[in-house]
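**Q** Sequence:
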Amino acid sequence: MSRKTRFMLGTTLALPWAILAGGVAHAQESQEQSSEDTRDLERQIVVTGSYIRGSAEDASLPVDVYSLDELTQRGIDSPLEFIRTLPSVGITLGESNQYAAGGSQGVGSINLRGLGRERTLVLMNGRRFFPEPGDGASDTNLIPMFALQRIEVLKDGASTTYGSDAIAGVANFVTRRNFTGVEVAGNYQFVKGSNGNYQASILAGHDFGAANLMVGFGYQRRSELSTRERDFTNVPYAQNPSGWSFLNDVGTYIPKLGSITQGVAGRTLGLGVDGQLGNACGAIGGLNGTFPSGASVFPVCRYSFIPFVNLIEEENRYQGFAQFEVELSDTLRFVADALYSHTDVPTLGYSPSYPPTSGPRGPGSSQAFFVPRANPGFNTFLAQTFAPGNPANAAGYASILFFRPFGLTGNPLDPEGSGEGAAYNNAWRITGGFEKEFNANFRAELYGTFLRSHRTAYSFDILGGRLQNALNGLGGPNCTGNTPGANGCLYFNPFVNSRPGNPALGLDNPLYVPGTENSPELVSWLRARNGTRAYEEQRIVDLVFSGSANLGIEFEYAFGAQYRSAQFVSRAINSFSDPAAVPCATEGTRSCLNSPTDLDFPTGPFIFLGQYPSANNTQNVYAVFAEAKIVPFTGFELNGAVRYEDYGGAVGATFNPKLNARWQVTDWFALRGSVGDTFRGPLPSDLSLTGASAVAGINVLGNNFKAIDSGGNPNLQPETALTYNIGAIINAGGFSLTLDYWTYEFEGRFTELPVQAIAALVAPGGSDGQQAVNCASPFVQFVVFEGGVCNANTIGLDIARIRRQTVNGPDSKISGLDFGLNYQGELAGVNINVGVNATHVIKYTFSDFTFEGLTFSQGYDAAGFSNYDRAPGTVSKWRGNAFASFGVGPVTATYNMLYIDGVTDNRCQPNLPCASTPEFGGTDFGRRIGSFTQHDLILSANVETGGLDLQFTAGVENIFDTDPPEARLEYSYDPFIGNALGRTFRLGTKVRF
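Last residue of the sequence shown: number 993 in our numbering, and the count goes up by one each step with no gaps.
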């Protein structure tokens with residue numbers, strides 16, 4: 001049974017690994033290889049980090065190699081599970097948690113050293129893998145795990161070898177070679193509260209003389225897991241207000257005298273929360289609260305949107321893979337592979353509807369909409385909200401002070417009341433090339449790669465102009481004429497009397513009046529998809545020469561060139577999402593474009609979400625590189641590499657050197673080290689002034705969500721980093737120990753202007769949004785206020801939109817230690833494989849964030865902090881794993897332990913509550929996010945019978961059903977520390993024949 005292999009230099013110990021990498025399907029005794037076969041296997045050994053063949057795992061670069069059999073023994077059967085066990089990674093996407101994933105639901109990532117997923121290069125068979133379109137980060141969920149033989153992880157900057165994106169390191173997923181036979185595999189994971197997760201695959205290979213063809217197909221299914229299935233997400237508002245909102249469909253109304261045409265100016269007759277006489281708010285799961293605004297305090301019904309969303313979304317993934325290799329002659333080989341991958345997340349669950357940040361009158365959440373007395377629900381609303389004789393009963397209309405179309409009572413178009421969305425990824429990748437051996441000391445390879453990654457993603461949002469029309473009785477797809485409620489025109493009843501109850505919590509509404517509900521036809525007309533269809537294509541040509549020469553000392557070299565062409569195209573999913581088609585709040589008008597100084601802003605038609613300008617960006621990159629290795633004396637090797645990469649235009653070119661060495665001091669002790677200048681060039685989308693719009697919860701505004709408008713920067717320069725690593729290796733008596741100290745020193749790091757800092761600088765001195773705005777602040781240029789004006793009465797919550805831009809940001813430095821201890825041996829007939837691996841982040845510092853003379857934030861050390869409102873996100877000082885495998889005959893038992901150190905919430909100030917609510921005061925919930933430890937036990941057995949090689953696995957993960965530690969986030973836990981699944985059970989089988 002293969003396990004993680006520790007290499008020694010030289011052909012003698014390299015050959016067994018080469019045999020393993022060949023991916024032989026049937027268990028068989030080792031056969032003697034001819035010298036020609038030996039050369040054939042050696043040329044397949046290209047360990048990540050060098051183009052010089054035969055580099056070893058414990059050579060001068062810190063490369064970890066994980067075999068397929070080791071991953072199987074440890075119960076790892078997906079890229080996400082593998083990546084999350086690596087101590088050297090930071091925050092990682094993949095769980096579909098919408099608040100952690102942002103707009104990347106269904107996408108996986110690897111984030112070495114916590115430097116950002118876009119700074120880790122992902123390869124398959126040494127060639128670039130699919131990016132998420134326009135993002136720069138590879139989608140690891142698309143990797144065909146069933147076809148892999150091993151995974152190599154280089155934990156050092158490698159841009160000198162591979163070019164841009166490898167600034168933090170490289171993950172290389174290597175498929176099997178020369179595979180023959182058929183392998184069928186499947187497994188099922190039992191998850192409490194869901195329908196479980198399962199996958200199946202088939203892989204077949206056959207030799208056709210000098211050629212080998214391997215084809216396979218895989219399917220993976222992840223089932224939906226609702227927040228209602230995990231108690232730790234159900235935290236009271238007084239403890240964690242993050243998942244609560246005062247903008248609810250049990251709204252706060254201001255009845256006014258006279259005609260609705262007066263709008264805000266009408267005479268106020270009263271103020272009340274819809275259905276307050278019958279406590280509709282509390283009956284359907286809300287909380288009767290208050291909302292201070294300046295000197296005023298308004299009544300509100302607060303609601304938690306968490307019961308309507310999911311911890312894990314339903315996901316379906318498919319991969320089809322084919323690989324062909326043929327020996328055209330004794331010295332010429334052709335290799336090609338093709339991969340199609342698809343991921344769909346068909347039912348993303350969101351809050352029932354978004355809160356309004358703009359309406360027909362422009363930016364703003366309060367008094368954005370008005371309801372006429374003629375609305376069918378109006379009179380019942382008055383009777384359920386105001387006592388007889390109250391002046392409000394004489395109202396001619398009502399201004400909606402605080403509101404969202406659907407909240408506590410859910411989205412009527414979804415059985416569970418959730419808002420809806422979806423994401424679909426399709427990707428194609430074709431690689432082919434020739435490998436030519438001119439003689440024993442000189443060879444070349446020429447490869448071409450084409451890849452295309454396509455993503456469609458959207459959610460639904462309400463169209464503000466349509467909402468106001470429907471409130472006035474002019475709604476619906478068949479409305480003709482101008483008579484409210486006639487000629488196919490429908491009213492939208494916003495009041496609680498039209499809502500049966502809370503479907504997520506199973507609560508009935510005692511004030512519901514049957515027959516007043518809104519029709520599905522009308523609700524469908526009110527909303528539209530908001531999102532994009534985007535794709536990225538890359539064409540890559542690699543030419544590499546390598547060989548060796550006799551210069552009196554051992555000398556090996558490689559040199560070559562690379563061409564990369566990239567095109568990113570993004571289109572709005574419909575006209576409503578396109579600012580060129582529907583720029584204004586009311587569809588069909590373009591008045592918002594008439595003057596840049598009036599209050600009619602081009603906010604687009606949605607009440608909350610922004611729009612997506614069309615993009616068509618291209619980039620061509622040319623590079624040449626060289627590397628050499630010398631052995632000046634026995635036991636000491638020195639490697640040097642350089643790369644010149646030209647981006648053209650204003651970006652220009654970079655020249656980057658790297659030097660690494662290894663010294664075998666004794667038979668059992670070696671030293672290694674490296675120093676290099678690594679880099680990352682801007683993406684085409686980074687250089688475009690126009691960008692997408694999104695939303696974010698703003699800390700100093702009570703975590704209320706605000707629209708965020710993004711843009712690129714044509715003046716971006718490549719970011720660079722000086723990296724160095726020094727380490728020691730000990731191999732003795734079955735033990736192997738590695739210890740490495742590593743450092744990255746960044747200059748010009750790509751980042752976006754920090755929206756959290758902008759909001760704090762514009763509205764200083766508070767955390768609930770009630771604080772006054774400093775209209776004289778130079779940072780006001782980055783925000784849009786309700787009504788388009790800032791004056792003495794403007795408070796933080798009046799911020800409607802925040803603008804950010806990609807810039808060369810603050811310098812940063814990260815350093816740490818990697819530890820690895822392994823033992824392999826046999827005791828009393830028991831095969832033993834034990835290992836401990838850990839990473840300690842010593843520091844992760846940022847300098848002051850200054851741009852165009854403005855200081856956005858002071859420098860800080862991110863290590864040991866959550867960094868929820870700043871880069872780089874959660875940074876645990878310690879991450880580690882341990883495993884112990886014991887094999888007796890065909891049966892192996894493996895114990896795994898994963899440890900992630902806790903962090904402190906940097907948003908919490910000393911001697912002050914971390915957060916406060918107007919109803920309950922301060923709370924320290926999540927001040928310290930605790931550590932997380934998970935224990936797993938996996939059993940596997942191999943049985944050969946009837947010409948079949950059978951493998952069975954069974955296991956329990958998170959044996960002690962440990963909940964993730966609490967954090968002041970929407971889900972009340974940090975998804976980058978804890979695991980929301982709880983205890984799970986797994987069964988699997990694999991058949992080879």
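Treat the hints loosely; a few may be bogus.
Stated by the list, open to error - List time: in silico BS3-like cross-link candidates among lysine-lysine, alpha-carbon distance up to 25 Å: (1) K877 / K813; (2) K877 / K843; (3) K843 / K813.
Since the hints were derived computationally from the structure, they do not count as laboratory data.
**Q** Would you mind marking each hint as holding or not holding in the structure?
**A** Cross-check of the supplied hints:
| no. | hint | verdict |
| --- | --- | --- |
| 1 | K877 / K813 | holds, 15 Å |
| 2 | K877 / K843 | holds, 8 Å |
| 3 | K843 / K813 | holds, 7 Å |
Violation of the numbered hints given earlier is absent; every hint is satisfied by the structure.
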